[in-house]
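Student: Based on these hints, arrange chain W on the given structure of chain X.
There are 2 protein chains.
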Amino acid sequence: MDIQRLVRELKVTNNSKIVMLVADGLGGLPIEPGGPTELEAAKTPNLDNLAKRGVQGLLYPVAPGITPGSGPGHLSLFGYDPIQHLIGRGALEATGVGFKLGPKDVAIRCNFCTLDAQGNITDRRAGRIPSEESAPLAISLRKVRIPGVEVFVEPVKEHRFVVVLRGEGLGGNVADTDPQKTGVPPLDPVAHDAASGRTAQVAKEFFLQALKILAGQPKANGLTMRGFSAAPVISSYEDVYGLRAAAIAVYPMYKGLAQLVGMTVVGKPGSLSEEIDVLEQAWNDYDFFFVHFKYTDSRGEDGNFAEKVRMVEQFDAIVPRVTALGPTVLVVTGDHSTPARLAGHSWHPVPTLLAADTCRPDGLTAFGEKYATCGGLGHFAGVNLMPLAMAHAGRLGKFGA
Amino acid sequence: MDIQRLVRELKVTNNSKIVMLVADGLGGLPIEPGGPTELEAAKTPNLDNLAKRGVQGLLYPVAPGITPGSGPGHLSLFGYDPIQHLIGRGALEATGVGFKLGPKDVAIRCNFCTLDAQGNITDRRAGRIPSEESAPLAISLRKVRIPGVEVFVEPVKEHRFVVVLRGEGLGGNVADTDPQKTGVPPLDPVAHDAASGRTAQVAKEFFLQALKILAGQPKANGLTMRGFSAAPVISSYEDVYGLRAAAIAVYPMYKGLAQLVGMTVVGKPGSLSEEIDVLEQAWNDYDFFFVHFKYTDSRGEDGNFAEKVRMVEQFDAIVPRVTALGPTVLVVTGDHSTPARLAGHSWHPVPTLLAADTCRPDGLTAFGEKYATCGGLGHFAGVNLMPLAMAHAGRLGKFGA
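Line by line, the protein sequences give chains X and W. Mapping of the first sequence onto this note's numbering: residues 99 to 499, in sequence order. Mapping of the second sequence onto this note's numbering: residues 99 to 499, in sequence order.
Just chain X, same shape as in the assembly (with noise of 0.2 Å):
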């Protein structure tokens, strides 16, 4: 059951906004036996009052028991099947720093990495070279020269750049040419089908023209790739809901993974009360907003409950803003859970709250995943979610006679 092409053929265009408050990692654990998740322990007055007026539900991003990274768990989110729809590294890599990867490109998740004199690797990130020194490195590195073959390098972080390989007949089947361990050389690229065979070849030339530019540098005299993907075939935003689109973000990383759904990345904010600012000036100019906040995750990660929760606070006191503005239909979630307890993401549906004068109430006074459970949008897989926001938006027609 295709719903995505279902929508594609209901789909209606009107005045309406939609606005998507992605808090990453939202859904938690309690810390202590028998007490509150982070998002139940936080004061969230702003997201309760979204609550009495709005459906509550538990989002599976892929299904029971699968734990998403952020790159599926935001696919699903924003309406596309995750499975059929799995974004290498590599592009994830390029489109996090803006590269526009086109259909003739392979993106190349790439580490510096230090070289003994037999060419063996003695540290596999570099001695994890801080930005201002790996930067120009990366970009040293667009001098490597392909017969045949566009060559295209962006520094990352640190010890992560990501090249992107653009030519005819460019499969992006290549194994990892990282060996996972010192004391052995960087692996020769390998192609995984015929079609990636060309790549192979050009990726083996690109390392060798790389350590002739790098030799001599102390930390970042050579470098392994990490993930070959090409660029990945989706259906714009425009194309499946008819929604122009915006998207909102800090980090690199969110940024891509909207920009490959077609959306249009706006404003560079440095905080959430920044984000919101893009928002309030973008209003006009587009029909659906994706708001991404990072920090739920973060602190999920460090195993820090009570900074989640903090978080989780921040969070809810921009929500007044977002409502001024008058949406049609507000959306909360998250891309996946995130519980301090287990310092990582995991496996539990995320709480979700969706808003709009044409909810069905269902009782609820509050925002957490205990309510949430019995919820008027029930259990759910998160490609579902777009499709109910764009009911509710009233730009979606009835389905036959």
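Since the hints were made in silico from the structure, they are not lab data. No incorrect hints appear here.
Which copy is meant is left open, because identical chains are indistinguishable; a pair holds if it fits in one copy or across any two.
Dumping the calculated DSSO-like pairs for lysine-lysine here, alpha-carbon to alpha-carbon at most 27 Å: (1) Lys468 <-> Lys496; (2) Lys279 <-> Lys109; (3) Lys468 <-> Lys150; (4) Lys496 <-> Lys392; (5) Lys392 <-> Lys115; (6) Lys279 <-> Lys496; (7) Lys255 <-> Lys496; (8) Lys317 <-> Lys241; (9) Lys255 <-> Lys317; (10) Lys141 <-> Lys392; (11) Lys279 <-> Lys255; (12) Lys302 <-> Lys241.
All figures in this text were calculated on a predicted structure; none of them were measured in a lab.
Tutor: Chain W alone, transformed into the frame defined by chain X:
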């Protein structure tokens, strides 16, 4: 979305142990209007304690409205799509008596019947011939000789026995030969596809030789063939989950089902208490334990509410011995509902409990259908149960970056 394929890719191994206790036909209905179900009526202090630290939900083995046999019910609990992997009655009968089916086998579920002098059936079940009389007759049919085909015959019970034909090019798609009435002869075996033509010929030859062997028998002088099936092709538990899986059951059918998915049948327990003895003895040798309890279904099929309640209480009583072993994940469920009020399997979803340290508690304090209706697992498909158990056991890596 092939969840099983995803699980196969994401699986990791560790020292965790998963126990799945299956009370056959666990789900029920009230016997009086407004009264409790069997599970709710039963005194289940141990299951209620598990409920306090775990999560509950309602499990649909196949789909809402569909009443499963134990075959599909169990396959679903094991994580295999029950519609895609429909196991034929022949294959079930064979594995049920411990016969290990191979890829060149066709299993045929057979009934002894009584024929008159004209060869017409007078009794489709050979007068319910007792096992002591029919077993030697089944064994005598091993004298059948067919070139190019190995013939196996195993008694099952009373008029039932199973024939396995092993050879090249034997498809399993042959129609039943039981005319479903008396006064007419058994039908000729008819192939329903080109791959099964040889099987139909061989079955016909078996029938003719069997008639000669059985000639003169007062009750069982004929046979009908009521279920041809090739060996099912099913990935093993080891391949899918990376689990060394043990199956502990009293009845052959459930041992057979477990063997079909590659579990090792352990011990020869004659009772639930002996099953837990086996569990304790085998504890160090396996990662996953399927323990099957039959009598909740049997008493339900008898229409005996009070006795089904007693069986639930017997089941509850062994829970402390299981938790004492310290499983990482303990699942309590059933393969379908068998309400005493309906005296048979039903389509009602199955109350299911999962207990692990990583559960997000759902606030429920007792185990039963009405509690499970609002539990943290929601209402879910049976095939999602094993991925959930794997996640709580830490045996699934993250999906995507």
